[in-house]
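If you want the building blocks of each chain, they are given just below.
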Amino acid sequence: MSEKNTYLPYLMTIEKVIKEAPGVKTYRLKFQDESEAAVFDFKAGQFGEYSAFGEGESTFCIASSPTRRGYIECTFRDTGRVTSGLASLEEGSTMGFRGPYGNVFPLDEWKGKNLVFIAGGIALPPMRCVIWNALDLRENFKDITIIYGAKSVNDLVYKEELKEWADRPDVRMVTTVDPGGQTADWKGEIGFVPTIVEKVAPSAENTIAIVCGPPIMIKFTFPVLEKLGFSDNQVYTTLENRMKCGVGKCGRCNVGKLYICKDGPVFSKEELNFIPAEEY
Amino acid sequence: METKYISQGGLAQWFESIIASGKRVYAPVNSRGQVDFKLVKNLSEVADDYIQTTQSIKATVYPKAEVLFSYEKEHGKVNLTDFDPDTIPETVLWRVHPCDAAGFRPLSAIFNWDSADKLHNAHLAKTSVISFSCANADESCFCTSVNGSPGNTSGSDVQLTVLPDGGAIAEILTPKGEALVALLPSVFEADRGDKKEHYLVDLPARFSLTEVNAKLNKAFNSTVWKEQSERCIGCGACAFVCPTCACFDIQEDVHGSKGRRIRCWDACGFSLFTLHTSGHNPREHQSQRWRQRILHKFSYMPDRLSVVGCTGCGRCSRACPVDMNLLEHITSIAKQ
Amino acid sequence: MSNSNEFEPKIIAFVCNWCTYAGADLTGTSRLKYATNVKIVRFPCTGRIDFLLLLKSFAQGADGVIVSGCHPNDCHYTSGNFHARRRWIAFRTVLDLMGVDIRRIQYSWVSAAEGSKWADLVNNTVADIRALGPYTEYQKVADYLEKEGFDEEA
Amino acid sequence: MKKLRERAAALLDEGAVSLVIGYEEGTKRPRPLFCRNSENAGKLIFDSRCFHNLAVYVTKKELVGKERFAVTAPISTLRSILQLYVENQLSEEKLLVLTVDLSGELVEFVTFEEISAYVAQFEMKRGEREQEMLTKIEGMTREERWKFWMGEMSHCFKCYACRSACPLCYCTKCVVEVNRPQWINPWPSPISNMEWHVNRAMHMVGRCTACGACGDACPVGIPIDLITRKMMEDLAPEFGFVPGQPAKQGNALSSWKLDDREQFIR
Chain A
1 MSEKNTYLPY
11 LMTIEKVIKE
21 APGVKTYRLK
31 FQDESEAAVF
41 DFKAGQFGEY
51 SAFGEGESTF
61 CIASSPTRRG
71 YIECTFRDTG
81 RVTSGLASLE
91 EGSTMGFRGP
101 YGNVFPLDEW
111 KGKNLVFIAG
121 GIALPPMRCV
131 IWNALDLREN
141 FKDITIIYGA
151 KSVNDLVYKE
161 ELKEWADRPD
171 VRMVTTVDPG
181 GQTADWKGEI
191 GFVPTIVEKV
201 APSAENTIAI
211 VCGPPIMIKF
221 TFPVLEKLGF
231 SDNQVYTTLE
241 NRMKCGVGKC
251 GRCNVGKLYI
261 CKDGPVFSKE
271 ELNFIPAEEY
Chain B
1 METKYISQGG
11 LAQWFESIIA
21 SGKRVYAPVN
31 SRGQVDFKLV
41 KNLSEVADDY
51 IQTTQSIKAT
61 VYPKAEVLFS
71 YEKEHGKVNL
81 TDFDPDTIPE
91 TVLWRVHPCD
101 AAGFRPLSAI
111 FNWDSADKLH
121 NAHLAKTSVI
131 SFSCANADES
141 CFCTSVNGSP
151 GNTSGSDVQL
161 TVLPDGGAIA
171 EILTPKGEAL
181 VALLPSVFEA
191 DRGDKKEHYL
201 VDLPARFSLT
211 EVNAKLNKAF
221 NSTVWKEQSE
231 RCIGCGACAF
241 VCPTCACFDI
251 QEDVHGSKGR
261 RIRCWDACGF
271 SLFTLHTSGH
281 NPREHQSQRW
291 RQRILHKFSY
301 MPDRLSVVGC
311 TGCGRCSRAC
321 PVDMNLLEHI
331 TSIAKQ
Chain C
1 MSNSNEFEPK
11 IIAFVCNWCT
21 YAGADLTGTS
31 RLKYATNVKI
41 VRFPCTGRID
51 FLLLLKSFAQ
61 GADGVIVSGC
71 HPNDCHYTSG
81 NFHARRRWIA
91 FRTVLDLMGV
101 DIRRIQYSWV
111 SAAEGSKWAD
121 LVNNTVADIR
131 ALGPYTEYQK
141 VADYLEKEGF
151 DEEA
Chain D
1 MKKLRERAAA
11 LLDEGAVSLV
21 IGYEEGTKRP
31 RPLFCRNSEN
41 AGKLIFDSRC
51 FHNLAVYVTK
61 KELVGKERFA
71 VTAPISTLRS
81 ILQLYVENQL
91 SEEKLLVLTV
101 DLSGELVEFV
111 TFEEISAYVA
121 QFEMKRGERE
131 QEMLTKIEGM
141 TREERWKFWM
151 GEMSHCFKCY
161 ACRSACPLCY
171 CTKCVVEVNR
181 PQWINPWPSP
191 ISNMEWHVNR
201 AMHMVGRCTA
211 CGACGDACPV
221 GIPIDLITRK
231 MMEDLAPEFG
241 FVPGQPAKQG
251 NALSSWKLDD
261 REQFIR
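Residue numbers (this note's numbering), protein chains in the order written: chain A, 1 to 280; chain B, 1 to 336; chain C, 1 to 154; chain D, 1 to 266.
One or more hints might be untrue.
Claimed, not checked - In the EDC-like style, the derived pairs of lysine to aspartate or glutamate whose C-alpha atoms are separated by at most 20 Å in a straight line are:
#1 Lys262/A <-> Asp303/B
#2 Lys66/D <-> Glu284/B
#3 Lys28/D <-> Glu14/D
#4 Lys56/C <-> Glu92/D
#5 Lys226/B <-> Glu24/D
#6 Lys56/C <-> Glu137/C
#7 Lys60/D <-> Glu87/D
#8 Lys257/D <-> Asp74/C
#9 Lys176/B <-> Glu2/B
#10 Lys28/D <-> Glu328/B
#11 Lys219/A <-> Glu284/B
#12 Lys66/D <-> Glu24/D
#13 Lys218/B <-> Glu15/A
#14 Lys73/B <-> Glu15/A
#15 Lys28/D <-> Glu2/B
#16 Lys147/D <-> Asp25/C
To be verified - Each pair of labels, with its calculated beta carbon distance range:
#17 Ser222/B <-> Ser268/A: 26 to 34 Å
#18 Ser21/B <-> Glu132/D: 37 to 45 Å
#19 Gly151/D <-> Lys41/B: 35 to 43 Å
To be clear, the hints were calculated from the coordinates, so they are not data collected in a lab.
Glycine included, C-beta positions come from ideal geometry on N, C-alpha and C.
If we strip away everything but chain A, and leave its shape as in the complex, we get (with noise of 0.2 Å):
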């Protein structure tokens, strides 16, 4: 029997550790294996399953962009134990890696559009991998506008290349912190994602938003979204539930029908209609 272990990670090398917020750190890591690097393909959306040895699995999104190959990188706050002993280990040690699982950004069939990210907190993670997707093809798009915002500027994660995005005259960038988040020197916008949302959204015509962000922010930003005439198919978000085994088993991302972890964690506002909104 040759069948594959879908239990067995990759080893991966951590090759670089960049502190992003307090407890955010970006892990870029490398296939250990270099034949399991020359196979190794993956899309926009997707995530897997990372292993602290000893410690455990923790599930988050590939926050790097695809056409940047022969790495992947990770971005993780320290909360729980997997994700503190991810945090403790250092440049050159080992850790795991399964994946990639899910579904993608429908990025081909947002050719010609234009694309509004709206992520807050620790939610840009999975939106820097769309966005750097989106902006390596950068012809294909129209304008490009990136809203986040987060609890305070020290929150913030991605400074270097939010700093990047907001030179970049082809990116129309809006960064926001909770209000009482901000510094001195803060120039940024101060205010809840949503209500920068309605302030500084792009006209729906022709526009694609991807949001992404705590379920409670999630929740708040697709009725303004909503007023500002987008309809639920311009409308994506990702999802992130619970999972163990990130491959449609284990049964803790099931919501209705459907599996966060197959059938996610990418999905339309209209897709969303379907499975009951308390479920995740």
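We have chain A; now place chains B, C and D onto it with these hints.
Chains B, C and D in isolation, oriented as in the chain A frame:
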């Protein structure tokens, strides 16, 4: 498929030859006031006077806890040791009820609907099932309502229907069944023309599956979940005795620099099953978890996997400390 | 050096920081010789020693366990050892009911001044455990999972 | 029974309570019933077959809501309610307790003091089954006890029905679900199963009222209730509490006495 007759004495000889072949044999044994599958060596150990074992046979193909792989850390490097299917011994399950054998199909559907589950399939490949059709049932049994029957052969390699003379009709159903018969072919005599259906318990269907499925499609926001689940105390007894429940957890067993990743049973009824690290819990209330259990078995699985997640064995109803009777609840949904 | 065939008990000692650990330290500085079978784990207080740690020690291969802290009325935190004493009484009762060999857990009060008491405690415990032999009864059940799904009656 | 039904119906109709937790006929034996209107009160029963410990529900906020509710309580449930009260989990304003006494009269307890006085009339005794099994276990050597319990523990598959059925296991996050550190392995195995049950017994010292709900709930028939019962019996004289009656001065393991006696500390 071939039908044969085997005498009472022949059955005993055949059993002995299976044991002699070196395969592990699990059969229902009565001990501590409960009948459950245990490793046996002699036919005399096997219980025959019971309606249902407390636990299903699923643990043979989906162990309660199983090593997915093991690893060793050394100077920042990690060495992995994959699960080895060759370590699983050949296993024969003797005197399995049809509702238990029928559980293999939904179980495999869950494990293989997307990617193949190497571990489950390895267990399945090494397991042969000799089922006994049912001459008795009790008020918790309802296999006939969920596409099953007391003589259902799904999941069985050989099915025996015991006759009044102590012999049995032997239906040899699969190549694995033929291999078991080949251990002692001489005891399998020509079919005497006994009618199997004469020896099966009469169990009228209690509800219509299509009707239930249709009702459930519209029942997500029904108050029925809250009403039915009020007395549910949120333990995992129903899920753990169920022949088709497959929800699992993945855990870590660490001893210094060595470790094993372990898959173990879990249950959607546990309050922390879906808890996010952030503290958000999509299924916060017991009623939501009860709804998930019923919908998953009777709506999601039929729609997504084309199998029902219930074989009508009635174990959950028997095991429940607070009498959450599945049959009663499903029939009441069907009647709504 | 002992004969390599002879059983050398592995003993874990859970001790409080303020009395017994200091006492054990004194044993060393007083150059008192005592058995080397003990590995010491230092806690802030006996009241802080979770009873499960004692069972974990056996599961990980210890043959005996020592738990020791300040004498009654000497607790650095006033009453930690009184709480611990109650817990030990209860714990012994439940372990005895379960059939765990409670002779393998030795409780003691050793103050910071009792360097020689610590040496005696260790020597006596090592002798006791040596007489009892290795705790294989416990250890062999501890590493499960090599077995398959169903329970195989011993 | 008639009186109980009438009283329950009246309480619900008057709006004195929003819910009556009681028993109804089940498919095999009586089971818990939640009456939210007087119509349902007709289903209420109360007899010697009613032994589910309904106190397990009184701490579940999603069930009992914010308004006043009532519970029908046989003696074991009364004992648990008292213990929950001592542990500040219940208030007299929110809970009305009903029982039917030995003469068949309906008794209504407005204060926990009344329950306490009522319960004090009943001595805590081993039932026939407990007596038989505990005598057997008490007669065993240590090695035999180890073998006996390891055999029993090998059947445990960690469904936690024992925990779920216990009125005093009301923690929202149990020690087995804590994973930093992971005290007890979450998968079933004889040692981790024993660790779980030892842990449960330790958390029950001086609190268990020996209602037997844990043992009754166990789907694989492990007599786990004997562990906590024996603990209660053995430790009551040591720690000076009366079995089945809540400690007046704090729980056994959160209090201590200068002269707690022992013979095992060297």
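Ascending list of hint numbers which this structure does not respect: Failing hints, ascending: 3, 4, 12, 13, 15, 16, 19.
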